[in-house]
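Here the working numbering is used: position 147 in the sequence shown is 151, and no number is missing along the way.
Simulated from the structure, these hints should not be mistaken for lab results.
Only a predicted model underlies this, so the values are computations on that prediction, with no experimental measurement involved.
Beta carbons: idealized from backbone N, C-alpha and C, even for Gly.
Listed next, with one range per pair, are the computed distances between beta-carbon atoms:
id, residue 1, residue 2, range
1, N33, K73, 31 to 39 angstroms
2, G180, I19, 36 to 44 angstroms
3, P18, Q139, 37 to 45 angstroms
4, K205, C14, 31 to 39 angstroms
5, K27, P75, 34 to 42 angstroms
6, G176, M5, 31 to 39 angstroms
7, K37, E103, 17 to 25 angstroms
8, C14, K157, 23 to 31 angstroms
9, P182, K73, 30 to 38 angstroms
Below, in silico cross-link-like pairs of lysine-lysine (DSSO-like), each with a Cα-Cα straight-line distance of 27 angstroms or less:
id, residue 1, residue 2
10, K152, K122
11, K157, K202
12, K31, K154
13, K205, K31
14, K155, K205
15, K197, K31
16, K197, K154
17, K205, K32
18, K32, K155
19, K202, K21
20, K205, K154
21, K152, K31
22, K73, K122
23, K37, K27
24, K37, K173
25, K161, K31
26, K107, K36
27, K157, K27
28, K161, K21
29, K130, K197
30, K168, K37
31, K122, K197
32, K130, K107
33, K122, K21
34, K21, K205
35, K173, K36
36, K155, K197
37, K108, K32
38, K161, K197
39, K173, K130
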Amino acid sequence: MNALYFIGRCLLIPIYKLMFFYKVNGKKNIPKKGAYIICSNHLSNHDPIMLGVCVPRQIYYMAKAELFKNPFGAMVIRWLGAFPVQRGAGDGKAINEAEEVVKKGRLLGIFIEGTRSKTGEFLRPKSGASIIAHQMNVPVIPVCITPKNKKYKLFQKITVSIGKPMTPKELGLEKGTPEEYRNASRMIMGEIKNMREKDLK
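Please construct the entire structure, taking both the sequences and the accompanying hints into account.
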């Protein structure tokens, strides 16, 4: 965890606790060392910060390229571990950077739906996390962010549930076919949905 990330996290933990009364389930499912893919649903621009305060290790994110247009903003975002990806363009450079994160034994953060859900309902999962999991032989940790009414609101409870790591073998990733990637993505999303059902009870 770099110094800027550590300082920012320490400052934001009490702020987000007051703003959203967040609760974390399954924090023990984050191993202290080793490469994993943190695979979460996506509801708001708050999500990367929410995961950052809930997960005790630094997460390195793929972030949309538009966020890097401002030089100062780009510098800060990079310090925080994010790197740009051109959405919908099959960005090979971003995939290479993601693989480097994994090679260094870090946590790679991917929002499985590829974009924010405006309604709070789940969107169709994308295959990016499954592809990297297969190519780099790295487990996926499903995470579900669940606001009380499926949307972020100030002073309203949010539950962040962290599932157990799912290995490429458990996800059925053997040959790396498009069908395997789709099925694995559905399995990951299925775990995220199961956590939401429990958290909304």
